Amino acid sequence: MTSTDLTTLNSALTRLTSDESVLRLSETEAEQKSGYQAPTEEGLGERMIMNMGPQHPSTHGVLRLVLEMDGETITRSKPVIGYLHTGMEKTGEELTYLQGATNVTRMDYAAPLFNELVFSLAVEELLGIEVPDRGQWIRMLMSELNRMSSHLLFMATNGMDLGAVGMMLYGWREREEVLRFFEAVTGLRMNHNYIRPGGVAADLPGGWDEELSAILDVIPDRLAEFDLLMTGQPIWRERLQGVGVITAEEALSLGATGPILRSTGFAWDLRRDQPYLKYDQVEFDVIAGSFGDCFDRYAIRLAEIRESMRIVRQIIDKMPEGDYRVQDKKVTPPPRARIDESMEALIHHFKIFTEGFKVPEGEVYVAVESPRGELGCYIVSDGSSKPFRMHIRGPSFVNLQTLPHLMKDSFLADTVAIISSVDPIMGEVDR
Amino acid sequence: MGIVADVQADGLAGLEHNFLTGRVEDLIRWARSHSSWPATFGLACCAIEMMATGGPHYDLARFGMEVFRASPRQADIMIVAGRVSQKMAPVLRQIYDQMMEPKWVISMGVCASSGGMFNNYALVQGVDTIVPVDVYAPGCPPGPETLLQAIVTLHELIESGEIMRRRDVTGAGAGVHLDELQLPTSTALTIGTR
Amino acid sequence: MSDAETPSIDESELAEESVEDVLEEELPQPELLHGVPVSESRGQVVLHPSRDEYVALVSSLRELGYWMCVDLCGVDYLGYGAQRNLPAGVAPERFEVVVGLLNHTDRSRLRLRVQIPESDPQLATLFPLHPSVENPEREVFDMFGIRFDGHPDMSRILMPDEWIGHPLRKDYELGRIPVQFKGASTAR
Ligand code: SF4
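Residue numbers (the UniProt record's numbering), protein chains in the order written: chain A, 1 to 431; chain B, 1 to 194; chain C, 1 to 188.
Worth double-checking, as some hints may not be accurate.
SDA-like mimics (lysine to any residue), calculated; alpha carbons at most 25 Å apart, straight line [unchecked claim]: (1) 33(A) - 162(C); (2) 358(A) - 169(C); (3) 278(A) - 210(A); (4) 358(A) - 86(C); (5) 386(A) - 117(B); (6) 33(A) - 94(B); (7) 358(A) - 151(C); (8) 358(A) - 79(C); (9) 358(A) - 81(C); (10) 103(B) - 323(A); (11) 278(A) - 323(A); (12) 170(C) - 124(B); (13) 33(A) - 410(A); (14) 170(C) - 99(A); (15) 358(A) - 80(C); (16) 386(A) - 171(C); (17) 33(A) - 89(B); (18) 386(A) - 119(B); (19) 386(A) - 42(C); (20) 386(A) - 174(C); (21) 351(A) - 119(B); (22) 330(A) - 43(C); (23) 386(A) - 115(C); (24) 386(A) - 83(C); (25) 408(A) - 151(C); (26) 33(A) - 98(B); (27) 358(A) - 85(C); (28) 330(A) - 102(A); (29) 386(A) - 85(C); (30) 170(C) - 95(A); (31) 278(A) - 42(C); (32) 330(A) - 83(C); (33) 170(C) - 360(A); (34) 33(A) - 97(B); (35) 278(A) - 45(C); (36) 386(A) - 57(B); (37) 33(A) - 91(B); (38) 386(A) - 165(C).
Hints are computed from structural coordinates only; laboratory data are not their basis.
Small disclaimer: the values here were computed from a predicted structure and weren't measured.
With the sequences and hints as input, model every part of the structure.
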């Protein structure tokens, strides 16, 4: 971790709260004012208000930006969100804890397993149960693979956004390898509902380790291609280096986590710093940058794919035998085979899926490190079988606040590079 | 080979290989169905699968559709991929209005088709309340295969002209629901062998 | 997950300071940490400042190393059937604003729960201390109708500007509409 102290933090704070990088216009105002702005008495010169999005060319969904431009330079800006607001937190109050994972998995759709994971961890914390070792290792395996697929998706869209259209193809090709494994394990390519309170939905299929080893053999070479295509290219570097710079103090004050915070050299990774699952039993490095620019964020993600592969290799070796979910009658449905034999098992199965299980009252906040940063889940339970309140702290939602500061005084052409390097997933921003 | 022999015999200006006979209407339909460009209208999770369909593994280019147009004015098919919120609905309609006729809409995923599992205050319960939908692709998310089937179905409807007939009659989209395909269920999984 | 490390501050000192006020009112004496009542939930430390203590507390915690405000969300306790886990002396109100603070140096977390009465749903903003709360506070305003005084841009964030009501309040309907299966009847 870099040495940050209160003094530097305070000066960053003064900068952030007083500087004029955020355009504070309501949505309606932004629409009315869009276009040419004559000079004002306050000393602002000729400006242009521009609306970008919500349906816009860069591949990040329905983000809308209101930009104030002076010629080609962005002076102030404001991200406008809510175009994908799905009311998931409200819906989450209507679903039982068992159904809840189906709901949250659709938030961050590039990394669905993390949402399931954090939700399940929070519920388990409230229930006071511990998932058996194998269950925990499977969870870890799946989340690391998901981190890979999410970062590969980033590689594809980041390349695409910057005009390296070929990257779109390469990124998807690699991602497809991982998705095929997901499909074999969970039955779905996305939105798996695989990690559930109490464990995971099913054990790994036979031969999983060989399939994984095959994937792990292919991907490193392909990552080397990425290096060839992008990392070393002068054009690529030109477009990313020194663009969208943020300091550690600013990132901390703005609540940024994940690759944005790490790109500033502040090595904070919940997997290492507040370990959950069995992350204290595997070896990996926390990747940190030094300049806090778009290139660092790109490089961190690329390196994290490699780190994740390293973790996956260790998991393959260390995967313990045993149960993949708790054998607690209150939480776990009976095995499928027993339902055919025993009436009780059938009733039990039926009750769990219709009524759900009751969770002791209380409130708890649990956080995990998703590919985008700290993903948290705050649950308030009133002792019934549905959460009284379920709140997800989406990293993209908070990270998005860095955008105006990253874009200040940069060119319009860099906007897309900067949005892309923040890697927001709108499903998680708007929930 | 006919053409080769023909060219050899008559030269490039020969009649045999320079004329096709048929109705202009058929030709136009054929051309339309094979060069329908989608507008990028990725909204949520389904958009990721839509992009995956454009990726190398599923290769949308086989159907003449790999050019996702960012500008609605250059697009023919709008694939509504994902949940449509109340806030997004007016935008969606505006984009639809900006597209040139003839235009078609595929509603991808249960959220776009009916609100899906989110029956609440925030979502539009079915995009067909805003724009006419021609083909509904079911699934959450529909796999790339399902989307491909929806696209192929739409292409067939365009080529046969049926879609225009339906629209003339009802004034709405064709509203075709995809049937489940009976495919062999267990395909061996091979990874990294290509 | 549950790192309940209590921050290294001399508790006894702080506790003694406020003992007098508490005795005066003859209430059961709540346990104090950083000068405000503290409780524990599943091994996590929860502070319960009043609305007046709130900003000063966050400010002093920031000086103690809680540099990042990770999360801010609201809860509506209308119709909550169970016992609220509040220390003695903290009167339950309908709304609560829950703030998560993170200390990177000793890797600990603190959670603040501030009671907000229904009659006067507002709270001072944390924006001057933690600009990270800009979006979350707007979200709480949008979803619960709790105003944050001094926030630079107190407007709706997720719902359209002209939306009526605050969706996450318990008395706001989910908005479910009955599903009609389209294939079943005549085509529309
Ligand atoms: S149908 Fe499913 S995958 Fe598609 S947008 Fe809705 S929730 Fe996401």
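- Message: Hint by hint, where does the structure go against what was stated? Just the numbers, ascending.
- Response: Violated hints (numbers, rising): 7, 10 and 36; every other hint is consistent with the structure.
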